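K.L.:
Sequence:
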Amino acid sequence: GLFMTDYFTRTPRKLSPFRSFASIELFHFHIPEDTVIAIWNLITFKEQGGTFGDQCPDRSITVYFRSGAPSVINPLHTHFPRDTAVPGSFALTLTWTLPNRTTGVFNVTSPLPGDWFLAAHLPKDEGKISVKVKGLGGLYEECQYLFQPQLIVQRLVNIAVLYPGYVTEQSMAPRNRSCLYKVFVPSYTSRVLVEVLRCRGAEGCPLWLRVRAKAPPLHNSTALDCREHAPCRLALDLPFWQHWYYVLVEKHPEVPGTISFQVIVQLTDCSRPSLARPPFLPSSASMNMPHSFGSASGLVLGDSPPPASPNSTKHPVPIPTASSISKRCWPVHPMLRNELDAFSVHFYIFFGPNVSVLPDRPAVFVINLLPVLDSGGVLNLELRLNVSSLCGENVTVFGCLNHEVPLTSGDNASVTCETESLSGFLLSVNATASLSRLRIPYPQTGSWYLSLRSLCATEHGFEPCTNVTAEVYLRAYLSPCINDCGIYGQCKLLRTNNYLYAACECKAGWNGWGCTDNAEAFSYGFQLLSTLLLCLSNVMFVPPVAIAVRSHYLMEAAVYIFTMFFSTFYHACDQPGIVVFCIMEYDVLQFCDFLGSLMSVWVTVIAMARLQPVVLYLLGAMLLSMALQIDRHGLWNLLGPSLFALGIMAIAWTVRTIQRRHCYPPTWKRWAFYLCPGALIAVAAVLLYTFVETEENYFYIHSIWHLLIASSVGFLLPPRAKPSGCLGPLPRRKGCGYQLCINEQEELGLVDPAMASINSICTS
Numbered sequence: 001g002l003f004m005t006d007y008f009t010r011t012p013r014k015l016s017p018f019r020s021f022a023s024i025e026l027f028h029f030h031i032p033e034d035t036v037i038a039i040w041n042l043i044t045f046k047e048q049g050g051t052f053g054d055q056c057p058d059r060s061i062t063v064y065f066r067s068g069a070p071s072v073i074n075p076l077h078t079h080f081p082r083d084t085a086v087p088g089s090f091a092l093t094l095t096w097t098l099p100n101r102t103t104g105v106f107n108v109t110s111p112l113p114g115d116w117f118l119a120a121h122l123p124k125d126e127g128k129i130s131v132k133v134k135g136l137g138g139l140y141e142e143c144q145y146l147f148q149p150q151l152i153v154q155r156l157v158n159i160a161v162l163y164p165g166y167v168t169e170q171s172m173a174p175r176n177r178s179c180l181y182k183v184f185v186p187s188y189t190s191r192v193l194v195e196v197l198r199c200r201g202a203e204g205c206p207l208w209l210r211v212r213a214k215a216p217p218l219h220n221s222t223a224l225d226c227r228e229h230a231p232c233r234l235a236l237d238l239p240f241w242q243h244w245y246y247v248l249v250e251k252h253p254e255v256p257g258t259i260s261f262q263v264i265v266q267l268t269d270c271s272r273p274s275l276a277r278p279p280f281l282p283s284s285a286s287m288n289m290p291h292s293f294g295s296a297s298g299l300v301l302g303d304s305p306p307p308a309s310p311n312s313t314k315h316p317v318p319i320p321t322a323s324s325i326s327k328r329c330w331p332v333h334p335m336l337r338n339e340l341d342a343f344s345v346h347f348y349i350f351f352g353p354n355v356s357v358l359p360d361r362p363a364v365f366v367i368n369l370l371p372v373l374d375s376g377g378v379l380n381l382e383l384r385l386n387v388s389s390l391c392g393e394n395v396t397v398f399g400c401l402n403h404e405v406p407l408t409s410g411d412n413a414s415v416t417c418e419t420e421s422l423s424g425f426l427l428s429v430n431a432t433a434s435l436s437r438l439r440i441p442y443p444q445t446g447s448w449y450l451s452l453r454s455l456c457a458t459e460h461g462f463e464p465c466t467n468v469t470a471e472v473y474l475r476a477y478l479s480p481c482i483n484d485c486g487i488y489g490q491c492k493l494l495r496t497n498n499y500l501y502a503a504c505e506c507k508a509g510w511n512g513w514g515c516t517d518n519a520e521a522f523s524y525g526f527q528l529l530s531t532l533l534l535c536l537s538n539v540m541f542v543p544p545v546a547i548a549v550r551s552h553y554l555m556e557a558a559v560y561i562f563t564m565f566f567s568t569f570y571h572a573c574d575q576p577g578i579v580v581f582c583i584m585e586y587d588v589l590q591f592c593d594f595l596g597s598l599m600s601v602w603v604t605v606i607a608m609a610r611l612q613p614v615v616l617y618l619l620g621a622m623l624l625s626m627a628l629q630i631d632r633h634g635l636w637n638l639l640g641p642s643l644f645a646l647g648i649m650a651i652a653w654t655v656r657t658i659q660r661r662h663c664y665p666p667t668w669k670r671w672a673f674y675l676c677p678g679a680l681i682a683v684a685a686v687l688l689y690t691f692v693e694t695e696e697n698y699f700y701i702h703s704i705w706h707l708l709i710a711s712s713v714g715f716l717l718p719p720r721a722k723p724s725g726c727l728g729p730l731p732r733r734k735g736c737g738y739q740l741c742i743n744e745q746e747e748l749g750l751v752d753p754a755m756a757s758i759n760s761i762c763t764s
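Per full-length UniProt numbering: the sequence shown ends with 764, consecutive numbering throughout.
No wet-lab data here; the hints were simulated from the structure. Source: prediction; values computed, not measured. Where a beta carbon is used, it is the ideal one built from N, C-alpha and C, also for glycine. Watch out, some of these pointers could steer you wrong.
[What the hints assert, rightly or not] Here are the computed lysine-lysine pairs in the DSSO-like style, where the Cα-Cα straight-line distance is at most 30 Å: (1) Lys507 <-> Lys124; (2) Lys14 <-> Lys492; (3) Lys492 <-> Lys507; (4) Lys214 <-> Lys251; (5) Lys124 <-> Lys14.
[As the list claims (entries may be wrong)] Okay, the calculated beta carbon distance ranges per label pair: (6) Ala91 <-> Leu494: 18 to 24 Å; (7) Asn354 <-> Leu494: 32 to 38 Å; (8) Phe350 <-> Val372: 25 to 31 Å; (9) Ser16 <-> Ser625: 26 to 32 Å; (10) Ala433 <-> His229: 45 to 51 Å.
Please model the complete structure; the sequences and the hints are all you need to start from.
P.N.:
This is the structure in structure tokens:
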């Protein structure tokens, strides 16, 4: 056949350590129909400071693949909420082959067409809380791991289409190994029968017949060896509705010569028992055909058969009665779709929501999920039995939820939702357990069929009921997250390019897909203790406020009070558990807390420089507000204004030292008992905040940070400045190089400068 190659790529994205599904990177691809092979090229490289990160450590990268919807992953092996079905996916771990780059390849032969999703993440980290380092000249550059998937697909062009009820003749040349066909299966088809006839050219018909839905067959697809079966006939019960079925006729190895044969496909229509689908379909049946069926090789709907292909001869054949294989299908009731919001969709039953399940027939409903739009949420199904409707009988109502085809077993006593080729989800309600729920995170889109049947329990198992009509309340809806992630989680709406999906982000040590795993959860006492420590540790700002008021630093005292107030209520609102108290919006409290902390550093340093112009306080407030608005967690946005204030203080001290020709501050006691201890305490606080604080020890390390910062302010705040003109001009002694206007005790803040005596003036 003729192949076409398509190439798709995605922009590289930075990977994050796994904490929840909200921390993964999701990539969305679309594989066209008739694809025979898909090759994913997985490129990963390191970056550090805009260059290749050769010095970055090797961290394994896990990639998940799933068709139809995003993967439901659980790398931390947490517990899922009750009544949650976990769909499977394939995982691949990438290892590093080069210092800064690695490449992995993932091949899928005959992939299912439609949407494919890739999810990638780094391993869970140690819980370190890191401050962002941005801009040039950072203290260090963070290692970044970038992931870029690329997709190459090869698809067949002009695959021969089989028309139900028509014979297709084919000759397989010696150089050819197989012939591929496809046939479209419309709704209400209960059986697909594929048959190879009149095999000539070799002894015993050395052909393999393989059939698969949605994509070309694989080696493990449903197959039949025509040498061992005569006639060579392959039947598929309960096929997927509204999909292409691919038929592969493959020649046995080492078979010379040309082999000719005929292929015919027959579809059994379950809406008309004992009849197969006629070769001429009514015009209304075209509504069940995809657009590709009605194009160049489409079926002509009318009173004439389809045109013959130049390479084959087609003619209708008599369709035998299929009473022995046909299965009766029941009417499928559609459900009304009511969209409320993103991933908030309710499905209603006409004249519902109560459903009457008759004893002699199942009730079948269809839930249609839109492609792409509905696969990022959670499909919820709830059955509630009205016990009063059972009239005392031991009735059990079974619900079977299947994708793309309803499963109604011919055995009236069967309670399974699985066949050789189908698997579904089973629900049951009875007088003892009258409520049953099912949650499917990230469901595959398309049609979901729910079949409800009532059976009566006897000594020999379940048997059909007589004269008992069970009434069931049915509720089906889409939600963003499971139970809105509970009280210990937050449901986040995420986006990757044009695809939306939702995921839970848990807190207070809770984990799991719905934040219901309490294996590492914080107790109420622990949450209360952490909240009290973080809030009450701000009381340590009371001594600095008293010192500032005593020294007449009223501006500084106001800033310290502002910081103490908003830091207390910010941490009361920032708690991850249920011990939370917010007096304002979280964003307002966070901004005021960060602004107060930086302003405390600013005004303290300016006061140490003994500069009193109000313009410096206003300049600091404006600069810090701008820096916090740009990025509240950027390291240089926080250090920049602080270093600028320290520079002003250093210049002021240098000028005073030059003017007085003596070190400023002039006394060793000021350095030994105030400046050096205050500086050491402040450095210790910064080191704890930067290198020790993690998510696990945050509540007590950050409380210690509060205590140390407040203590350092009390030590570093200078004593009260001497009022100008409190001392008259002093006579200059002979031999004195210069004189100081502030005595030693005043510099230490021990006495009132107005009471200083002439004898206490320090002279050279």
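K.L.:
Given the proposed pairing of Lys507 with Lys124, does the C-alpha separation stay at or below 30 Å?
P.N.:
Holds: Lys507 and Lys124 sit about 15 Å apart, inside 30 Å.
K.L.:
Under the criterion that the straight-line Cα-Cα distance not exceed 30 Å, is the pair Lys492, Lys507 satisfied?
P.N.:
13 Å, holds
K.L.:
Given a hint of 26 to 32 Å, does the C-beta separation of Ser16 and Ser625 actually sit inside it?
P.N.:
30 Å, holds
K.L.:
Would the pair Lys124 and Lys14 pass a check requiring their Cα atoms to be no farther apart than 30 Å?
P.N.:
Holds - the C-alpha atoms of Lys14 and Lys124 are around 15 Å apart, at most 30 Å.
K.L.:
Would you say the C-beta atoms of Asn354 and Leu494 sit inside 32 to 38 Å of each other?
P.N.:
Because 37 Å falls inside the window, the suggested range holds.
K.L.:
Is the distance from the Cβ of Phe350 to the Cβ of Val372 consistent with 25 to 31 Å?
P.N.:
27 Å, holds
K.L.:
Could one say that the CB atoms of Ala433 and His229 fall in the range 45 to 51 Å?
P.N.:
47 Å, holds
K.L.:
Within 18 to 24 Å or not, the Cβ separation of Ala91 and Leu494?
P.N.:
20 Å, holds
K.L.:
Is the Cα-Cα distance between Lys214 and Lys251 30 Å or less?
P.N.:
Satisfied, since the Cα-Cα distance of roughly 22 Å is no more than 30 Å.
K.L.:
Would you check the hint for Lys14 and Lys492, treating anything up to 30 Å between C-alpha atoms as holding?
P.N.:
Holds, at roughly 19 Å.
Figure legend: structure checked against the earlier numbered hints; every hint is met.
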